Amino acid sequence: MNLDALHRTSLRRTLIVVLLAGVFFGGVLQVYMTWKTAEAAVNAAFDRSLYGAIRAIDVNVSEDSGGVGIELPYALFEFFELTASGDVHYRIATEDGLVEIGSPDMPMPGNEVESGTPHFQTIDYLGSPMRVGTYIRPLRKLSGGNLVIQVAESLASRNEFSQKFILNAVARDVMLAVLAAGMVALTVAWSLRPLRQLREEVLSRKADDMSPIETRRVPADVLPLVDAMNDHLIRYSQLLATQRRFLDDASHQLRTPLSTLLTQVSYAQREPEEHKVRETLDAMRQQLKNTIRQANQLLSLARADTSEMRADSTDLQKLATTVTRRLWPMARHKHVDLGFEGSALPVLAWVNADLLQEALSNLVDNAIRHTPYGGRVTVKVGMEASTAWVSVSDTGPGIPESELPMVTQRFYRASNTQGRGSGLGLAIVQAITTRHHGHLLLAREPNEGGLLARIELPAALPTSS
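Sequential numbering from 427 applies to the sequence shown in my numbering.
FYI, nobody ran anything at the bench for these hints, they're computed from the structure. Values in this document were obtained by computation on a predicted structure and should not be read as measured data. Treat the hints with care, as some may be off.
[Stated by the list, open to error] Derived SDA-like pairs (lysine to any residue); straight-line CA-CA distance at most 25 Å:
1. 760 to 802
2. 715 to 744
3. 744 to 862
4. 806 to 874
5. 806 to 774
6. 744 to 755
7. 462 to 695
8. 806 to 878
9. 462 to 585
10. 715 to 695
Construct all of the structure, not just a fragment, from the sequences and the given hints.
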């Protein structure tokens, strides 16, 4: 399975497989531990019974006669053989071998048996496995000797009981594992139910429904994903609204000029006098220039609203110098004095150079267009604290103060505006400035009464070389 196929694996299937694998391996470990614990418990129980037989023999050992006398509990042995379901052997002897009763060929334990502590081991005796209990204690009245008591029983009864006990315990563990697996499957299905409901809600929506997804019933683990989807829906809705607004603006603003051009073409075709045809063509040429400029401004406005913001540390002095030089021929044609006043130090700001150049070009272009013959336009750049700014001032008629808050609206033209402006220039500047988290300040030029437009932007610290 490649990586892409792994990523496409069902979340439900992944959870069930992983959790059931944990249940399986946990169940195997539990069965193993149950088996070992049950085996130890059965051995401990049967060893206690074996030790009881040893103690019964020990209490019947007498040293009163100066030797070792033993009265065997035959009734106990008969009962012990019955419970053991097999042969029972015993051996009672002194370490010097002078006294020995029972099975003399029963092997003696090694040196690991401590006096007074019972010792149990499994050995092969008489061709079958036997469990042997050994108990050694010192003789009380005979100095220097120890008494060895050994009792051996067949493992048949022990093994039979152990198997039943272990099988019952394992069956219980298996049933618990099956129950746990079922609970895992049900829990996963129930936990993923909100995701299915979310899927159904999204699929049932209309194509144009961009409202945020309801998050009241969304699980906390899925909430960040739904929040991200809602954020994307909001941004996509804004993009669609911007595109619709652009189409509405374009159709509204271009319909009239194109209709006018069509009327002028029809008039020129019917007009027999050459000089009137030339006048009509000149008017059409000017109308085309205005329409092209308006279309370019509409595209600039759409780009300012929707283009990707990639900000870099940019020197505003270099950018303003470039714009000033590019528009200097236009100013010269109108006999407008276009000047630039820079700063002694670099003025750096985090901006998208292309967008900001578009904004500054609109400010300078507007200033030149609205400044009368022989007037002056000044471009300045500076830095104040953490703010970098660039301003454009002119000696034109300015804008009435009551209309300053409205001139950044699309297609709004000030009441004292002359000419055929589209009312988009300052709207473009405002949109680009907002995209840069900056501010556009508009005021009357304090000295000469024209318009002062100033763009303030977050400054960028110069990098140390």
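- Message: Of the numbered hints stated earlier in the document, which are not met by this structure?
- Response: Result: hints 2 and 7 break, sorted rising.
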